[in-house]
Amino acid sequence: MSVDAGASLHAAAALAALADLTPAAARRTESWSVPTDWFRWLDTGLDLLGGPAMHDPGDSLPSAGMTLLRDVVSPQPTPTHQTLRLERELGERLAAVQQVRAGRHAVRIGWLWVAGTAAVTAADGSTATRQVFQPLVTRTVRVVGSGRSWQLAAYGDVEISPLVDDREAARALEERIETGGGALDRLDRLDPVLLGRLPHLQAFAFDAARAAGFAPAQLTIDRRRPDALRRDPSLSVVVGLGVYTTDEASRSGRSGALRSWDLGAAGEPTAFHAVYGGAGVETHAAGADEPTFRVESPLPLSSGQLAAVRRARTDALTVISGAPGTGKSHTLVAIVCDALAAGRSVLVAAKDDAAVDALTALLGRQPGLMPVVFGSSEQRERLAQRLSNGELVRADHRTLQAARAALDHAVDARDAAHAAARRTLRHAWRRTDRGRAELQDVAALLPGLAHIAAAELASMLAAATARPTGRIARWRRSRAERRMRRRLGADAQVPLARLVAACELGSDDTDASDVPDTAAACRALEDAEAEVRRCLTAWLALDTHSPDRLDRAGLAAVATLATALRSGRNARRAQLARLQDRTLARALPLWMGTLADVDDLLPAVAGLFDLVLIDEASATEQTLAAPTLLRGRRAVVVGDPRQLRHVSFVSDATIDEILGRHEVPDELRTQLDVRRNSLFDAAAAVSPVHLLDEHFRSAPHLIDVVARTLYDGRLRVATRSPATHGLDCVHLRTTTGARDPAGVVREEVDEVISCLRALGSGPGHVGVVTPFRAQADAIEAAVLAAFTADDLVRLGVRIGTVHSFQGNERQTVYCSLALTDDDPGGWRFANDPHLLAVMLTRARTTMTVIASCSPPAESLLGTYLASADAPPGAPSPAGVAGAWARWLADELRRSSVELWERYPTGHHVVDIASVRAGRPVAVVCDLHADGIDAHLDRHLALARAGWDVLDALEPAWDDDRPRLVVELCHRLATDPTDVAG
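In terms of the working numbering, the sequence shown opens at residue 175 and continues consecutively.
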């Protein structure tokens, strides 16, 4: 990526503007009190805030040699988590809340509580009185156990209150968190005399409270309920440890982070320049969409996903969009694997921990990959455990070379299988109009081809396309290519790939009497593709642990990382500063964290990683993403602008004033409208968007209306088949409820409980979603009262608003609309296309809508509910079938075979579709109109989607039509497992 002086100035202006547009964390906190429904004071448990590593100062770290000896050469088991036993009833309730709010840091402990009444100054200068109950120090905990025994286990970071919005102040407070130095073993017996002997604790409490914007009058001991403490006329800091529940999805970043960056000092352009550098930056490589090089992936990819991986290899900025179920995360993982295979370092970031955990789990399916999760996450502690237990094993050269040889052999075998499959189709292609025209083009392109024997041609092709293994091998291949071009009479400008394809088509090595079995050749190609993926996965797992990566310096860096991951947040930040020499990124090339953690914990080094990927970009503020863009040389931005958007409270006047003050050029002003434009919008303004438009997740009944109404009919349903188009997946349950003054429809709450009870005693994966916060709270309260924690865990129940479900899905979803016919405001909110794009796509198998109203027929929601009466059924034929396919379809119908002609599924059309034993069957009658490669791609795509593909090409069967009909009738009436071959 090249950047001119103008682009650098544009990027610097954008950086300065975004720094001033970053809101302080305190302004993002709407409530001055944490939820207290499940609050309890704890008698003991300060150990949950501690652990020796939490107080590591960062400037007195053990030497690299000592950490290498302790953590890699002779690792010791990592100490188990600190735990605290809970009384049974409290543990049961907290465990239940934790389950239904999965992924949202539902249970926390808080230390040193600011409580009482405070005068708060708003942004406009006005003052208001607020009741306050906020902890100054918090930590996320897990409720573990079941039945009669429940415990709190600490796993997240010990954090300073997000109300401390100054980054440096928060870091300074992190260094000196005080818990009494062991004197407070029984908090229920704490007395003022003992408290007076703890000056460090007193100083810390007052300093933290002042940094959070409070002026407490005293430090006190008071174990009254929070509602009583909030009503006190003055502010106090209550010394106590409490457990509470929250619905926060993630922490917010603190202001001021971008001001420390100096783009003028950056030695190389970054992904930030690609987004904000203006016309002086070329983000899209010319010709990158052309398949000029092969992409091998350990994951099966559609053509659209493959093109996205190819673009990410070459472009400074790649923007990927797609509806739910189009494989955005799948594609992101494929891009990660492709970058790792090329020896690059990768940083994957998302807005919250739930999204990071989901991506980590997806990457975890690739054996051997060990992503470094460095933020406040269970995944981080699991990695620390693995590193400390010596699970990072360096691959030896011999094993690595053997894996590479196996991969090369698998690729050669796949290429041979592909060539064999192409050979079976050449005869059929030559009989088409396009094939005959292409043969004439080949004759003009390669005038010498007709005079070369088949054996000599095969030898020349093999030599000209041999895989180079060194300088001499490359020279030999180049010489062989020049010789082949001379013999063929080919122009030097003709690409080698075009030359090879023309030779294959024009060579006369197959006649009509000796056409191999196309179906068998395609199955062999399927198997060969799967073997390449298996070998690539095995090689990649070893290559990321190669001796070149895990050399002496790399192992020392890993040992330091093992210590950092077990440390408190401040010590971890100090140790991760060693990333600046890139040794650790080379040793462990895959890193993952939230955008806030990237900004807070990783060193501010421009271009620290070769590639950064940001997920859920449509819901991400530009100010939050900017620090991650600065740390990458190139970027991939993934999102869906049709789903829920980011939320910004920055006023238009503030934006105009800041952009004017920093003299932001006119061409960047619209892009930097952070109130209306997310990171995705900003990136899409300067780089073409690659659209993933095939849906692979849900049955047609669940996605058809969404695809047609919310995605303008551009979304192709790849799950559509004769086995799925009749599945009834959407159900409507009506009640006669009405909204109460709190905004809750109680009858719908009761219906949700009935639905959950009807699920029985088996395991489940259930979601309950509603557009409205009040309804979600009411459903949660009713579910917590009706079910035990063990029941909720078994059913996998998660409850929340539509906003909390973005990025998540469940097998079974119950949607409570909580609307009435006389509520126009509620209807406008619920009928928002962005909200519906999330709400109506959370189910994988079954969606049940619970409604107390009749939505307007012309509304989007009304259109969707109208589809609940019946599944969509078979689609209309995609065009007119050819004469051969029509004849064969008529013959099969005479034999009472149920079938559909020209059946569309995803991007493909099946000539004759049928179903047997619950599996869809594709009868291929005509060669694909776009040629042999397109024909093979269709076959592989259908096979991956679960279709049985039967070959009935006219050239192979024209002389034996009766036998073809008899054989197809037999196969279509027989269980596929009973048919050999």
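For the record, the hints were derived by calculation from the structure and aren't laboratory data. Don't take each hint at face value.
Quick list of simulated restraints, FRET-style, between CB atoms [what the hints assert, rightly or not]:
no.: 1; residue 1: E342; residue 2: A640; range: 40 to 48 Å
no.: 2; residue 1: R849; residue 2: E342; range: 23 to 31 Å
no.: 3; residue 1: R433; residue 2: V318; range: 38 to 46 Å
no.: 4; residue 1: H625; residue 2: A1147; range: 28 to 36 Å
no.: 5; residue 1: A1040; residue 2: P815; range: 24 to 32 Å
no.: 6; residue 1: P373; residue 2: E841; range: 53 to 61 Å
no.: 7; residue 1: E342; residue 2: R398; range: 32 to 40 Å
For glycine and all other residues, C-beta sits at the position ideal for the given N, C-alpha and C.
Evaluated hints:
Between E342 and A640 the C-beta distance comes to about 60 Å, which lies outside the given range of 40 to 48 Å. For the pair R849 and E342, the beta carbons lie near 28 Å from each other, so the given range of 23 to 31 Å is met. Our hint of 38 to 46 Å for R433 and V318 holds, since their Cβ atoms are close to 42 Å apart. Checking the proposed 28 to 36 Å range against H625 and A1147 shows it is violated: the Cβ atoms sit about 51 Å from each other.
A C-beta distance of roughly 26 Å is found between A1040 and P815, which places it inside the suggested range of 24 to 32 Å. Under the hint 53 to 61 Å, the C-beta atoms of P373 and E841, about 58 Å apart, fit the expected range. Take E342 and R398: their Cβ atoms lie about 35 Å apart, and the range 32 to 40 Å holds.
Comparing the model with each earlier hint shows violations of hints 1, 4; every other hint is respected.
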